[in-house]
Amino acid sequence: MTDAAVVAEGLGKRFGPVVALDGVDLELPARSVLGLLGPNGAGKTTLVRILATLLKPDRGRARVAGFDVTGQPRAVRRRIGLSGQYAAVDPFLTGAENLVMIGRLYGLPGRIARRRAGELTGQLGLASVAGRLVRTYSGGMRRRLDVAASLLAAPPVLFLDEPTTGLDPGGRLALWQVLGDLTAEGASLLLTTQYIEEAERLAATIVIIDHGQVVATGTPDQLRARAGGDRLDLRARPGQDTRRLAGALGGLGSAEPAVDEAAGRVVLPVADGAAVLPAVAGRLAAAGLTISALALRRPTLEEAFLALTGQAAGSPQPRDAETGGVHAAQAQPARNARRMR
Amino acid sequence: MTAIMTSGAACHGRPASALTGIAVITGRNLRRLIRVPTLLALATVQPVLFVLLFTYAFSGAVHVPGISRYIDYLLPGVFVLAIGFGASQTGVAIAEDLNTGMIDRFRSLPITGSAVLAGRVAADALRNLFVLALMIGTGAAAGFRFHAGPAPALAAVGLAVAVSVAFSWINLLLGLAVRDPETAGLAGLFPVVILFFTSSVLVPVATMPGWLQAFAKANPVTVITGALRALCLGGPTARPAIEATAWLAGLLAVTIPAAIARYRHATSS
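First to last, the protein sequences are chains A and B.
Position in the first sequence (from 1) plus 8 gives the number in our numbering.
Position in the second sequence (from 1) plus 54 gives the number in our numbering.
For the record, the hints were derived by calculation from the structure and aren't laboratory data.
Heads up, some of the hints might be wrong.
[What the hints assert, rightly or not] Computed from the model, here is a short list of chain B residues facing chain A with C-beta under 8 angstroms:
1. R68
2. P69
3. T74
4. V78
5. R82
6. L84
7. R85
8. T154
9. G155
10. D158
11. L163
12. P164
13. R199
14. T321
[To be verified] Only pairs whose alpha carbons sit at most 25 angstroms apart, straight line, appear in this in silico SDA-like list of lysine to any residue:
15. A:K64 with B:P311
16. A:K64 with B:T166
17. A:K64 with A:V26
Just so you know, these numbers come straight off a predicted model, no measurement behind them.
Glycine is no exception: its CB is placed at the ideal position from the N, C-alpha and C atoms.
Build out the structure end to end from the sequences listed, making use of the hints.
Shown next, in the form of structure tokens:
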């Protein structure tokens, strides 16, 4: 086998009439981080559950740490840590008791389980509440305890399903720090998230899935590139009509401009920003419009994400289920860009 | 900086043995029992009330041939009732674990599924040992005595614990099947109530109308209560004990594999 921590090939899963996964291929190289991004209901959690041996796929196969998830689930379970979407901790045990219980179930001797529990509660900022019943914890504290439980036996492969959902900014930063340290020490991490910033910060590779299919795979930079060219970001002067501003730019971009009236902002996708700047200036002058700010920048990952998933796009475009189906995105940048907030 | 991964705790060691798994899960369930006030009340107050209420409500009205004190007749059946009622909490608890994601967590760990279920069954058995002691103490204060000697009395406690084991597996299966805690609680209580009032626990079967007698005689609660009575009060024990054991063995033979199979595929939502 390869050195990959996770290899999935053609995974499919349906629940009654609902197709949750429709042929997902995925590879998480050992000692790296893969961010799984996708809108709600895209199939992220189903994928994590199959990889963590909780669900059996209808078709396709997957290996985790070199072991088949359906054929060798015990071997897989010895090598993974899972933190699901909802904090699965016992409210009637203390934080420390929860962790020691999980450690003992991994097969650690009590003494080592207690020591690990002490270390992890310290690192995740739970030391002062480790002796309290989890029932008294805030949502963010439970969440961190749940992640601590998944790290307890230092498994080489970690699955974290939206680990920072419900955390305050401080808790999120603390968790990012811990996850960064983990991967620096050699763990492989597959994390699902709805926060693009999180994927960008932690993950070397981002896989975007939608409707149970991989729509794009790449580094954050590659995905940005797929959103098509640059973005010309214009701010209207206070009180000015942003729609008029957008109208004046018609036909200049590679797609229709996105208008955010509340922010007084117009974003124009352009193939070659520098070349189009003089024309923009000319149009503005001709229309008698002035602007307060102008920036030429690369698309944000959020813009790329919206372009690639085409969330509410009326007719679903044909998608390439292959890993790295590059061309899927380019079809409708205009329609999708308009949805940018 | 402290290392997160490498503190000698890597999971390349041996996985937990089945016994360790069961012991850890048992400990978890016993801790919960002590810390949840309503569970503790259910485990202690309810059995005591059963003993007192049924004894004083019925002892004036019911006269069982050959029995001088009604409580001697009643108490073995109340063991079954209290254990049956208490076991509905097991269905509630496993359904809650399913909904809160605890089962997902346990299933992602390198332990057998049966350890999680057996840990619950073992915790219930220990709780019921305590409940039995409480009921025997309360009963003794109200006049109950073992008449057949210490060995049969111990056998009666052993049989009652076997009843606890069977009820636990039934309710684990129910909880995993219905998945909703409230439904699981009701589903666990309903058969107990039906079987209890159509059994020989409160009144001898001979006092019932003919059509009910056939059902009451075959009712497992009657059969098991009969065996417990024989062990507590004296008289022939071999046949009732064999019948009761057969019932319990049959129930376990069906419920244990079914519950384990359900658990293997159980996952939240």
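Results for each hint:
1. At a threshold of 8 angstroms, the smallest CB-CB gap from B:R68 to chain A is about 6 angstroms, leaving the interface hint in force.
2. Evaluation of the B:P69 hint against chain A yields a held restraint, the C-beta minimum of about 4 angstroms falling below 8 angstroms.
3. Satisfaction of the interface hint for B:T74 is found here, the shortest Cβ-Cβ separation to chain A being roughly 6 angstroms, below the 8 angstroms cut-off.
4. For B:V78, the suggested interface contact is upheld, since its CB lies about 5 angstroms from the closest CB of chain A, less than 8 angstroms.
5. At about 6 angstroms, the closest approach between the beta carbon of B:R82 and any beta carbon in chain A falls short of 8 angstroms, and the interface hint on this residue holds.
6. The beta carbon of B:L84 comes no nearer than 11 angstroms to any beta carbon in chain A, farther than 8 angstroms, and the hint placing it at the interface is violated.
7. For B:R85, the interface hint holds, since its Cβ comes within 8 angstroms of a Cβ in chain A; the closest pair sits about 6 angstroms apart.
8. With its C-beta approaching chain A no nearer than about 6 angstroms, B:T154 sits inside the 8 angstroms limit, and its interface hint holds.
9. Taken as an interface hint, B:G155 checks out: its beta carbon lies about 3 angstroms from the nearest beta carbon of chain A, inside 8 angstroms.
10. Nearest Cβ of chain A to the Cβ of B:D158: about 5 angstroms, under the 8 angstroms cut. The hint holds.
11. The interface hint given for B:L163 is met, as the beta carbon of that residue sits about 5 angstroms from the closest beta carbon of chain A, less than 8 angstroms.
12. Below 8 angstroms, beta-carbon pairs count as interface contacts, and B:P164 has one with chain A at about 4 angstroms; its hint therefore holds.
13. Annotation: interface hint on B:R199 violated; nearest CB of chain A at approximately 39 angstroms, more than 8 angstroms.
14. A distance limit of 8 angstroms between C-beta atoms decides the matter here; for B:T321 the minimum to chain A is near 5 angstroms, and the interface restraint holds.
15. For the hint pairing A:K64 with B:P311, the CA-to-CA distance comes to about 20 angstroms; that is within 25 angstroms, so the pair holds.
16. Proposed proximity of A:K64 and B:T166 is supported: the alpha carbons are some 17 angstroms apart, at most 25 angstroms.
17. The straight-line distance between the Cα atoms of A:K64 and A:V26 is roughly 16 angstroms, inside the 25 angstroms bound, and the hint therefore holds.
Going through the hint list in order, the structure does not satisfy hints 6 and 13.
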